[in-house]
Each structure stands twice: as structure tokens, then as C-alpha cells.
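S.K.: Sequence:
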Amino acid sequence: MIAKADMMTLFILSVISFFSVGSLAVIVIKLKAFRQTAAHNARFLSTFNQASDFATVTVSPMPEKCGTLENVCRAGLSEFNRVLKSLMHQSQDKISSFFIESQFSIVKDQLEKTVSEEVQKTDRYLVFLAITGSTCPLLGLLGTVWGITHAFTDIGKMGSASLNIVAPGIAEALITTIWGIAVALPAVISYNYFTNRARQFEDEGYNFSSHLLNLVKINLFSLLYKNREEASS
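In this note's numbering, the protein residues as written are 100 to 332.
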């Protein structure tokens with residue numbers, strides 16, 4: 100039946116098939132990536148919670164192979180060391196509360212930027228699933244209209260509405276409709292699932308960044324207090 104379809108129907112089916120292959124590839128890639136991210140986050144949180152001090156936390160030197168939380172922690176440690184060096188190069192009496200708060204604001208911005216970058220990674224390719232879910236039913240509908248038009252054209256040419264004349268066009272219409280819906284359904288379901296999972300990673304990232312910011316403040320204030328105690332004694 101498909102082999103006898105006209106060029107327009109074959110073109111529509113080919114486009115839907117392209118979306119089918121592409122969306123399947125995206126689903127497999129995202130399932131693997133999200134599973135790895137969840138495992139990395141759980142493993143890193145366990146290591147992080149066991150660390151005796153924030154400054155002693157170790158992170159992998161390869162960001163591309165880390166989870167969301169580890170990359171956020173890397174940014175936090177980098178900013179912590181930067182602020183610490185900045186404070187150590189100034190005399191204790193010149194360190195104002197405004198300077199400290201401005202440094203904390205920079206740390207917060209950097210952490211939020213890192214979380215945003217991680218969110219972009221989790222959202223990558225999801226737009227293809229959204230396009231597939233919205234486009235394929237319309238392509239199926241286009242095939243339906245084209246197939247029915249084809250059937251009526253054949254009736255006009257043959258001057259008869261017998262089943263042999265009408266059936267090919269109606270069959271083409273139904274095939275494109277079914278194929279369009281069959282491709283769109285898993286794409287829509289997967290898109291909603293992955294979007295929800297990505298938002299969970301985003302929430303985890305922002306919550307963890309807030310926790311890191313508090314740890315940075317606690318550690319820096321502790322060091323400043325210790326240095327002032329030593330300077331006064």
C-alpha cells in the first residue's frame with residue numbers, strides 16, 4: 100500500500116519517520132544522561148557530607164564527567180579560594196563589611212551562573228521532542244487531507260465511488276494519521292518526563308548552591324575571626 104502511494108504521501112511519511120528516528124535517539128541519550136547525572140549527584144553528596152571541612156572537599160578535574168552538584172561545588176570552591184586570597188592580601192583593619200558582602204554577592208552570582216549552565220545541559224535536545232510532539236500530528240493531518248483529496252480526485256476521474264477507487268486514498272490518509280500520532284505520543288510523554296526531571300535537577304542545584312554560599316560565609320567569617328584573635332593576642 101505504501102509502495103503505491105503518491106510522492107506527497109511518501110514525503111509526509113518520510114518527514115514523520117525522520118522525527119521518529121530523531122526523537123528515539125534523543126530519548127535514549129537523555130535517559131542515559133539523566134541516569135548518570137542522578138548517580139553522580141547521589142555519589143557526590145555522600146562524599147560531600149562525609150568531608151570534615153568545606154575547604155577539604157575534592158572534586159573531579161573533568162567537569163564534563165561530573166554531575167550537576169559536583170560542578171556547582173567546583174565553582175563554590177574556586178570562589179572560596181579567590182575570596183580567601185583577596186582577604187589575606189588585605190590588612191585586617193581595612194576589611195570592611197561592605198567589601199565582604201560584595202564578595203559574597205560575587206560568589207552567589209557565580210554559583211547561580213554555574214547552576215544555570217548545568218540546567219542548559221539538562222535541557223539540551225529537549226526542544227526536538229517538543230517539535231516532534233507538536234509537528235507530527237499536524238503532518239498526519241496534512242496526510243489525511245491529502246489522502247481524502249486524492250480519493251475524491253480518483254472518483255472524479257473514474258466517475259465512480261466504488262471501494263476499489265476510494266480505498267487507496269482513504270488508506271493513505273489513515274496511515275499518515277496513525278504514523279503521525281504514533282510518533283508524537285512517545286515524544287510528548289518523554290518531553291514532559293524529561294522536563295520535570297530537569298526541573299528537579301535545577302531545584303537541587305539551587306538548593307545546593309545556597310548551602311554552599313552559607314558554608315563559604317561560615318568558613319570565611321571563622322577564618323577572619325581567628326586571624327583577628329591572633330592579631331590581638
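Source of the hints: derived by calculation from the structure; they are not laboratory data. Among the hints, a few may not be true.
[Said to hold, decoys possible] Label pairs and their computed distance ranges (CB to CB):
# : residue 1 : residue 2 : range
1 : A281      : D222      : 50 to 60 Å
2 : L273      : E163      : 38 to 48 Å
3 : V226      : N180      : 29 to 39 Å
Keep in mind that this is a model prediction, so the values were computed, not measured. Note that the Cβ used here is the ideal one computed from N, Cα and C, for glycine as well.
S.K.: Please name the hints from earlier in the document that this structure breaks, with their numbers sorted from lowest to highest.
M.R.: Result: hint 1 breaks, nothing else.
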